[in-house]
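Visitor: This is what each chain is made of:
Number of protein chains: 2
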Amino acid sequence: MNLPIGIFDSGAGGLTVLREIAKRFPGESIVYFGDTARLPYGDKSQDTISRYTHQCVNYLVTFPVKIVVIACNTASAYAIHSLKDKFNIPVIDVVAPSAQKACKTTVNGRIGVLGTAATIRSGCYQRAIHAMLPQANVFPIASPLFVPLVEENLIAHPATELLVKEYLKPLQLEKIDTLILGCTHYPVLKELISKTLGDSIQIIDSATCCADTISLTSQNKTETPNYQFFVSDDIERFQRLATAFLPSNLLPLKVNLIAMD
Amino acid sequence: MNLPIGIFDSGAGGLTVLREIAKRFPGESIVYFGDTARLPYGDKSQDTISRYTHQCVNYLVTFPVKIVVIACNTASAYAIHSLKDKFNIPVIDVVAPSAQKACKTTVNGRIGVLGTAATIRSGCYQRAIHAMLPQANVFPIASPLFVPLVEENLIAHPATELLVKEYLKPLQLEKIDTLILGCTHYPVLKELISKTLGDSIQIIDSATCCADTISLTSQNKTETPNYQFFVSDDIERFQRLATAFLPSNLLPLKVNLIAMD
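Read top to bottom, the protein sequences are chains A and B.
Take the position in the first sequence, starting the count at 1, then add 799; the result is the number in my numbering.
Take the position in the second sequence, starting the count at 1, then add 799; the result is the number in my numbering.
Bound conformation, chain A alone:
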């Protein structure tokens, strides 16, 4: 059956994942849901993050969709196992694919991870990396201001430069050769992060890794795929933010509001 791909994120950051999926599977229709009324997830508790994620994925599967992509690192960190148990369609996360790519990329086994407070606290990246590369040294850093800085579009601001330096300082001492950007907002800061750490460090972007992992048993070939966007709050803000994450041909013409509480 010609079902769409479902993508869930706490807000607009997951649009970076949508962009990569649309690039690899141009014939597939997509339903995107952003829980903008309750974002950010990154500084909330395990129970709350898991409950919110399940509520939103319950909504996505009603379309129905043939696969669910959890595009939010924090939601992946706390809800991926219970989601996989609950639904009998494939549930793809952003954590495992990035960890796998980092393990294949690193030469010296020293891997940095940037993420929200909740993602880092969960230890999900540390576990995923050690499962594949037990001797790896993992250096996790919570960088909670990166999301508000990106959402305020202060990408090139001197204050952002200062904060990036501040957060990355411990990583510079640890001689990492690979860095995972463990939050969908962070690729927007990739250039600045790369400049701060030096070009020799390999940067792993979770949106790209996640899209690379998806394999579809039957692919749609339509030339006019249908993209639907749903948020739980503030359509205009979402549309404005979308311009930071999507190329103009993918920008949502229409966004629908669905209250989640």
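Careful: at least some of the hints might be erroneous.
A pair holds if it fits inside one copy or across any two, identical chains being indistinguishable in the list.
Taking lysine to any residue pairs in the SDA-like style, the calculated list, with each CA pair at most 20 Å apart, reads [what the hints assert, rightly or not]:
id: 1; residue 1: K968; residue 2: E951
id: 2; residue 1: K964; residue 2: Q934
id: 3; residue 1: K968; residue 2: N952
id: 4; residue 1: K968; residue 2: A955
id: 5; residue 1: K964; residue 2: L953
id: 6; residue 1: K822; residue 2: T1021
id: 7; residue 1: K964; residue 2: N952
id: 8; residue 1: K974; residue 2: Y1026
id: 9; residue 1: K964; residue 2: P947
id: 10; residue 1: K964; residue 2: E951
id: 11; residue 1: K989; residue 2: L1056
id: 12; residue 1: K822; residue 2: P943
Calculated directly from the structure, the hints in this document are not laboratory data.
Once you have looked at the hints, place chain B on chain A.
Guide: Just chain B now, with coordinates in the frame of chain A:
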């Protein structure tokens, strides 16, 4: 009847209001509710802010309480009229008292207002000031990064200094003589704001103004008032943040979790 005072905020910022109320009414018991599972309110829509605020105040009045204080500027901006209509106990907000104080303070009639994106967008301060002082010139500035900077405890960081300068730049040109800090987190940045704008500018802090407005028909005189704290998420984070807003004798020993969705 010896009922407590109810205080509502989207998170921990309203503790600045609790502190001022406790100072003025040391014999009163207090029930504080912070909707930490869904914060911040400051960049959400009118409908969502109003719905969340009503849900939380519905909970507070079940204790019951003799008065409700809406300690969050954004919630005050969007829900105060409907709350006053709905409940037959006094509902106090933070916006009207601050606007009133600013009107009494200004000499040249040029008043700046700092607030979250939603508070500024609502126009609540502009309306409240013009109702009292029609000839006033009001200069509203949304400064959405101040809350995450305070929550990250980067009060004295050079990046915070840069961002304060950036947000205040338009106000420096407008020759204001009075500035309203229209968010309960901002008093923590008062010194930096004052240094940036110059000492001659009068700074109005909404927590103090709000507490000054409260008059109780019957006051409790107990020497052991009971303070109860409720949050919708993450007790430890709330307790950690409380240290930035409360003196040590008021710090919550116990915080209770109540899911709101």
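Visitor: Hint by hint, say whether it matches the structure.
Guide: For each hint, the structure was consulted:
1. In this assembly of identical chains, K968 and E951 lie within 20 Å of each other by CA distance solely across copies; the values are 17 Å between and 23 Å within a copy.
2. Taking the closest pair of Cα atoms, K964 and Q934 never come within 20 Å of each other, the shortest separation being 28 Å inside a single copy and 47 Å across copies.
3. For the identical chains of this complex, K968 and N952 are inter-copy neighbours only, at 18 Å across copies versus 23 Å inside a copy, given an alpha-carbon limit of 20 Å.
4. Taking CA atoms no more than 20 Å apart as the test, K968 paired with A955 passes in both settings, with 19 Å inside one copy and 18 Å between copies.
5. Taking CA atoms no more than 20 Å apart as the test, K964 paired with L953 passes in both settings, with 15 Å inside one copy and 14 Å between copies.
6. Taking the shortest alpha-carbon separations for K822 and T1021, only the intra-copy value of 14 Å comes in at or below 20 Å, while the best inter-copy value is 68 Å.
7. Taking the shortest Cα distances, K964 and N952 sit within 20 Å of each other both inside one copy (18 Å) and across copies (17 Å).
8. When the C-alpha separation of K974 and Y1026 is checked against a cutoff of 20 Å, the pair qualifies neither within a copy, at 43 Å, nor between copies, at 49 Å.
9. For the homomeric pair K964 and P947, the shortest alpha-carbon distances inside one copy (16 Å) and between copies (18 Å) are both at most 20 Å.
10. In this homomeric assembly, K964 and E951 come within 20 Å of each other (Cα to Cα) both inside a single copy, at 19 Å, and across copies, at 16 Å.
11. Taking CA atoms no more than 20 Å apart as the test, K989 paired with L1056 passes in neither setting, with 31 Å inside one copy and 38 Å between copies.
12. Taking the closest pair of Cα atoms, K822 and P943 never come within 20 Å of each other, the shortest separation being 29 Å inside a single copy and 34 Å across copies.
Hints 2, 8, 11 and 12, counting from the list given before, are not met by this structure.
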